[in-house]
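S.K.: Chain by chain, the residues run as shown.
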Amino acid sequence: MKTTGTLPEDRETETVSTVLTGDPLRGTADEESKKGTEGRTLNVFSHGMLVLWAVMVVMPLLWAVMTSFKDDKSIFTSPWSPPSTLNFDNWSRAWSQAHMSEYFFNTLLVVGGSLIGTMLLGSMVAYVLARFDFPGNRFFYFLFIGGMSFPIILALVPLFYVMSNTGLLNTRHGLILAYIAYSLPFTTFFLTSFFRSLPTSVAEAALIDGASHTRTFFQVMLPMAKPGLISVGIFNFLGQWNQYMLPTVLNTDPDQRVLTQGLVELAASQGYKGDWSGLFAGLVMAMLPVLAAYIIFQRQVVAGLTAGALK
Amino acid sequence: MEHGKYRFIVGFLIVPLTIYAVFVIWPFAQSIYYSFTDWTGLSPDFKMVGFDNYIKLFSDEVFWKSLQHSLLFLLLLPLVTISLALFFAFMINVGGRRRKNSAVSGVRGSSFYKIVYFFPQVLSIAIVALLFRFAYNPRSGSLNAALDAVGLSALKTAWLGDPETALWAVMAVMVWSTVGFFVVLFSAAMTSIPRDYYEAALLDGADRITTFFRITLPLLWDTVQSGWIYMGILALGAEAFAVVQIMTTGPGGPAYSTTVLPLYVYLKAFRDGQAAYATTIGVALLVVTLAFAAVVLKLGRRERLEY
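Quick mapping for you: the protein sequence lines, in order, are chains A and B.
Oh and the first sequence: position 64 is 64 in the numbering used here, straight run, nothing missing.
Oh and the second sequence: position 266 is 266 in the numbering used here, straight run, nothing missing.
Don't read these hints as lab results, they were simulated from the structure.
Hints are not guaranteed to be accurate.
Computed spacing ranges between beta-carbons, pair by pair [said to hold, decoys possible]: (1) A/253 with B/162: 33 to 39 Å; (2) B/146 with A/273: 23 to 29 Å; (3) B/163 with A/224: 52 to 58 Å; (4) B/146 with A/269: 25 to 31 Å.
Since this is a predicted model, take the numbers as computed values, not measurements.
Think of the CB as a built atom: it goes at the ideal place given N, C-alpha and C, for glycine as much as any other residue.
With the rest of the complex left out, here is chain A (with noise of 0.2 Å):
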């Protein structure tokens, strides 16, 4: 929004500098001079709000960080300055008795347990579909990708009752098979596509050699769709790892709640203790370890996130 409003006068000053000048791939002295003066104004804007959205992201993060070493008092009274001393308490606090540990744990597993499930049985239902020829294949395939297009709250509401019915509701099994089956339509749409453009000669070769299609399947395809899988398989992790709405409403046993939502009742409950120094540290605690992996897999996460979200 802010982009528009400057565009007008912007481009009169482009446009003279450039039109007056010479050559515009090989900046000429003249052409210097001009921008120095004219092309300015568009510079200093671009570059002062990519700096400016820069420092938006990072400082509510530093912001939390800082905080969580703090004590409540100095919270309240002034949020924005340094810890005086360094309450590490607020971390120890947090881990065992506000339960981040637990929380950790529940998320370690659901989201452990969902996300082997869901690149197993979307790779199958993907191979399947994109490698072999039989009557309802395509059927099957919209069935599966037309997941995409609806919304989740919907489905939650019966949803729900199904699972209290069946004994499902507030287990992580339960939660696994949700999440996996949530999480179907897109890696079996990415991974179709994906099987679709390998060579089919090296799996022609395994069959004549007398592999069984299981056996070609987990010997030869698999490997061979190893970029795929990684891709989506950060994809789905961050999904699953990041996912509120699921939990919230089918999982509400306070010992079964996951990272997410044990922040957000911690959130709550804290603030009648009066811990915010112990709720920043959970916070910051949960977040630290994405943002990490995030810096060390760095091209890996954008390119599973990226490939994933729009292929």
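For chain A, the structure is supplied; the task is to place chain B on it using the hints.
M.R.: Frame of chain A; chain B shown alone:
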């Protein structure tokens, strides 16, 4: 080999298909059916009531408020987010001039920006919402404190507590958390545009703004279009639910000033014991989602550029 083919296909499909049918397809079909009943969700008994729930929607003020907010999310969020992201991505990839002897390149530090801007994307929306709930806190939040520090105390307000500002404060958080993703996405699309196009434009004397509107945007149109749909679905679905539910207290903010359709579905089903009516609101949400996708695809087709 042909002999084992069908057994193999069935063997591979049966488990995923069952899970998918039980947890997604069946509840989804059920919810449309339930919207024609008076099911409370609390007892197993219910009867068909025809279009009663749909008629009830028309006189439900909170439904109209939720719909209005969801539509606002749907129109404004993608517009602001995608505009900002296009601007940043253009600067990062094409905005620099006269560097490294190449005609077109990004500004200085572009890879740094790409890394930093993406930070919010890897965080859970629940964590982001919590973080900003504290930042917006009128008493001890960092935002009001920052306004004090730069001498703008007059602008201080109770952000999430004031019905006038609550919705905007929530929307700002969604923009904050998604811009980086689109910057990276558009950057990837921009790097696949042939450099000669830019060089030719430069030789013709085109400035950066003309270059953006005449070359970058038309060639990026497909990505912008799918990004628009993606953002729209976030604005209507789980993301909007989480942000509003976590950040604004009570049932969708002061005087329902921030409530959105997915939150209203949730409240009706799990707070008010009106499961059937909740699914009716969900059907309305489905209609909005599908209509939105259809409109974007239709508008997109007209302006699509073949190359």
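S.K.: Hint by hint, say whether it matches the structure.
M.R.: Hint by hint, here is what the structure shows:
| no. | hint | verdict |
| --- | --- | --- |
| 1 | A/253 with B/162: 33 to 39 Å | holds (35 Å) |
| 2 | B/146 with A/273: 23 to 29 Å | holds (27 Å) |
| 3 | B/163 with A/224: 52 to 58 Å | holds (57 Å) |
| 4 | B/146 with A/269: 25 to 31 Å | holds (28 Å) |
Going down the numbered hints, you'll see the structure goes against none, and every one checks out.
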